[in-house]
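Colleague: Chain by chain, the residues:
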Amino acid sequence: MEHNGFIQEQKTLEGDLNSDTSHKNSVDFLMNWFRKRSIFVLAYGTGCGAIEMPPTFTSRYDAERLGIRGAATPRQADVIIVSGYCSYKTLRRIIRTYEQMSNPKYVLALGSCTVNGGMYWDSYNTIKKLEDYMPVDMYVNGCMPRPESILEGFIALQKEIGEGKASSWQKYEENYEFYRKNQEAVLGKKVEPSYDADWYLYDGGL
Amino acid sequence: MFKEIKKRFATDDVEVKRPDLYKVGIKYTRLFELVHMLRDEYEYKTLNAITCTDWIEEGHFALTYMLTTLDRKHTFMIQTMINREDAHAKTFSHEFKQAQIMERDLHEMYGIDFIGNENLKELSLENWIHTPPLRREFDTLEFVNNHLTFREGRDDNVDTKAETKRLRALKKAAKEAAKKAKEEAKAQKPKDEKIKEGGG
Amino acid sequence: MIVVDLLLMLVVAYAVGFLYYGLYRNITARFQRRFGPPVWQSFIDSIKFFFKEESTSHGWMFYLGPVIMMSGAIMTLFFIPFFTVGDTFQGLSQYGNAFVILYLLVLGPLGNALGVGTGGSPFGAMGITRGLTRLFAMELPFYIAVIAIMSLSGSADIATIASEQTTFNAFAYPLLFIAAMISFIGMMGQSPFDVPGAPVEVYSGPASEFSGKFLALLMSQSAIFTFAKLVLMVHLFLGGASGFLELLLKTFILFIVVIAFGAIYGRFKTPQAVDFLLKVPTTIAVVGLILATWS
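Residue numbers (the working numbering), protein chains in the order written: chain A, 1 to 206; chain B, 1 to 200; chain C, 1 to 295.
Wrong hints could be hidden among the right ones.
Claimed, not checked - On the chain A side, residues computed to face chain C include the following (Cβ under 10 Å):
no.	residue
1	Trp33
2	Ile39
3	Ala50
4	Pro54
5	Leu66
6	Pro74
7	Arg75
8	Asp78
9	Asn182
To be verified - What follows is a list of derived Cβ distance ranges for each label pair:
no.	chain 1	residue 1	chain 2	residue 2	range
10	A	Gln170	C	Gly59	26 to 32 Å
11	A	Lys181	C	Tyr265	49 to 55 Å
12	B	Phe138	C	Tyr265	27 to 33 Å
13	B	Phe138	C	Ile264	36 to 42 Å
14	C	Phe51	B	Phe138	47 to 53 Å
15	B	Met37	C	Val200	45 to 51 Å
16	A	Pro54	C	Phe31	15 to 21 Å
17	C	Ile264	A	Leu30	37 to 43 Å
18	C	Val257	B	Lys73	54 to 60 Å
19	A	Leu13	C	Gly59	42 to 48 Å
20	B	Lys165	C	Glu54	58 to 64 Å
The set of hints was computed from the structure by calculation and includes no laboratory data.
We put the beta carbon where it would ideally sit given N, CA and C, even for glycine.
I would like the entire structure built from these sequences, with the hints used as guidance.
Modeller: Encoded structure:
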């Protein structure tokens with residue numbers, strides 16, 4: 001009985017999730033259904049928004065009840081969360097990580113910094129619009145968004161996946177020249193960060 | 001100690017900032033001598049920080065070395081000037097290991113060349129080809145407007161000085177209004193008290 | 001006929017394995033005062049991974065790793081009869097005995113080591129090193145306990161060992177059971193012995209470079225292998241089973257005990273785990289062996 005409110009919340013969230021009926025055929029529908037019910041989120045945090053992610057995934061907000069759980073490496077992950085401002089140095093790593101993930105992959109951007117620069121609007125070292133450099137499926141605004149809004153963002157993303165609308169990875173492949181041009185404009189000709197297995201040994205470290 | 005420094009280094013720029021913080025300004029040519037003296041004779045063994053201030057009007061950088069002794073909980077601040085154009089200094093990384101990364105940071109942000117430091121690679125600005133960003137001739141706002149695109153609907157990438165002025169004026173007006181309200185409240189107060197007394 | 005039998009065994013192990021994995025996640029969630037995912041969540045995860053594209057290439061040996069693991073798990077399953085009586089669900093048990101199973105138990109990890117070693121990911125290699133180091137320590141107490149049980153019941157045939165128990169071996173020889181149980185917790189990949197795939201230390205270790213279909217294959221094999229190992233333990237120590245209900249009940253009780261350990265204990269470091277496994281359960285197993293043969 002004491003869990004009643006909790007179950008009600010779960011029902012509200014999932015009812016919203018199951019309301020879509022638009023799909024081309026049953027195979028597509030099934031595929032999208034499996035994709036939306038199982039989301040592996042890369043354990044990767046940039047900026048201050050990373051601090052809101054642990055409560056989202058642990059006991060208090062428990063994203064696992066919606067099929068959302070963490071994945072340790074980009075190879076296993078479906079979603080990368082860009083959680084806050086991206087400096088150029090971070091952007092390199094984000095792009096590299098994003099390109100290591102296997103299709104289909106989705107991007108969830110948190111915080112006003114990824115939307116329009118946020119409080120770092122006049123910083124020489126921070127990008128202002130994330131969607132210029134990599135495709136974004138879903139923005140969650142706020143500074144920082146609370147775990148509730150992150151969950152809402154996940155539900156919205158799941159809904160788009162279920163309807164087959166979330167296709168940013170195709171967008172990235174089709175418009176690769178556009179994204180690459182924008183990346184090179186801020187990062188220089190060499191976009192990928194230069195490190196290998198023993199990067200911490202030479203060059204005085206870091 | 002002050003007397004000795006004054007006499008030996010021919011400087012008048014000595015100051016007691018706090019009981020635990022002394023400051024001395026000397027010529028760059030005598031810097032090493034002073035630091036060695038403080039380290040060896042007075043046991044200021046820790047180099048806390050190296051900071052830099054850009055005096056663009058006078059045409060020089062002010063380098064500040066903070067030396068601390070943990071036994072006496074006391075800090076010594078040594079300020080020295082170097083030329084702003086073709087800025088270079090000798091490294092302290094052989095005396096203090098921590099100086100290596102501090103100098104690397106200063107090199108990245110101000111473009112000061114520390115001679116003798118083995119690794120002056122950039123720390124956080126990778127492949128940076130523009131002016132070092134903390135030099136004052138680097139116009140941040142202009143750089144941002146030239147190099148980055150803003151989402152439409154965001155209008156605050158305007159002149160900061162005008163914006164600050166406007167905000168200050170607003171703040172001042174609010175302050176005056178508050179002051180006025182306070183005075184009015186003060187003027188009303190005696191009446192209230194009288195009413196209270198009457199009520200009692 | 002035997003083909004149908006084997007296929008049925010595979011289907012049952014797959015279904016029950018994933019059900020148990022879903023329950024494992026749900027029960028662990030309850031331990032942590034969470035609501036937890038639905039029971040079929042693990043199944044959904046594995047199906048989703050089958051729908052993903054491959055983007056990496058590390059040569060054929062890398063991709064053979066999960067396949068060898070899968071075949072190791074399936075072979076282990078086939079050599080373990082589900083029931084002590086009857087003709088159905090016997091698999092290939094008449095062609096092999098407990099020795100074959102003990103060999104097959106390590107086939108999977110070794111195949112995986114070959115595969116991951118060519119992958120080039122440092123975390124994969126680290127995970128494999130940890131896994132193999134732990135494997136040597138883990139097998140010693142388990143082998144002592146199993147060999148003791150075999151010599152006590154005078155047979156290496158799993159069905160014979162299971163059906164000859166008047167009182168369960170777990171109660172007749174408690175020390176042997178405890179020793180085997182401790183290394184069994186490690187075999188199931190539970191805390192405190194889950195060093196190879198520690199997510200925050202080696203980034204899921206051997207699985208770190210696998211994606212898509214191969215990860216799904218790894219998940220499926222671990223579900224099947226889990227059920228096979230549970231059935232083996234039930235046969236060796238809990239008197240086997242004569243019907244599905246009994247089998248599910250006994251395996252489930254065993255499973256609950258294992259995941260309860262996993263949910264409440266933290267993780268050992270690798271040397272700590274090896275130290276512990278070589279000292280405590282091995283001593284218990286040797287003492288148990290001496291006591292059992294004495295009387």
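Colleague: Decide, hint by hint, whether the structure agrees.
Modeller: To see whether the hints hold, each was checked on the structure:
no.: 1; hint: Trp33; result: holds (9 Å)
no.: 2; hint: Ile39; result: holds (9 Å)
no.: 3; hint: Ala50; result: violated (14 Å)
no.: 4; hint: Pro54; result: violated (12 Å)
no.: 5; hint: Leu66; result: holds (8 Å)
no.: 6; hint: Pro74; result: holds (9 Å)
no.: 7; hint: Arg75; result: holds (4 Å)
no.: 8; hint: Asp78; result: holds (8 Å)
no.: 9; hint: Asn182; result: violated (22 Å)
no.: 10; hint: A:Gln170 with C:Gly59: 26 to 32 Å; result: holds (28 Å)
no.: 11; hint: A:Lys181 with C:Tyr265: 49 to 55 Å; result: holds (53 Å)
no.: 12; hint: B:Phe138 with C:Tyr265: 27 to 33 Å; result: violated (55 Å)
no.: 13; hint: B:Phe138 with C:Ile264: 36 to 42 Å; result: violated (57 Å)
no.: 14; hint: C:Phe51 with B:Phe138: 47 to 53 Å; result: holds (50 Å)
no.: 15; hint: B:Met37 with C:Val200: 45 to 51 Å; result: holds (49 Å)
no.: 16; hint: A:Pro54 with C:Phe31: 15 to 21 Å; result: holds (18 Å)
no.: 17; hint: C:Ile264 with A:Leu30: 37 to 43 Å; result: holds (38 Å)
no.: 18; hint: C:Val257 with B:Lys73: 54 to 60 Å; result: holds (57 Å)
no.: 19; hint: A:Leu13 with C:Gly59: 42 to 48 Å; result: holds (44 Å)
no.: 20; hint: B:Lys165 with C:Glu54: 58 to 64 Å; result: holds (59 Å)
Hints 3, 4, 9, 12, 13 from the list above are not met by this structure, while the remaining hints are.
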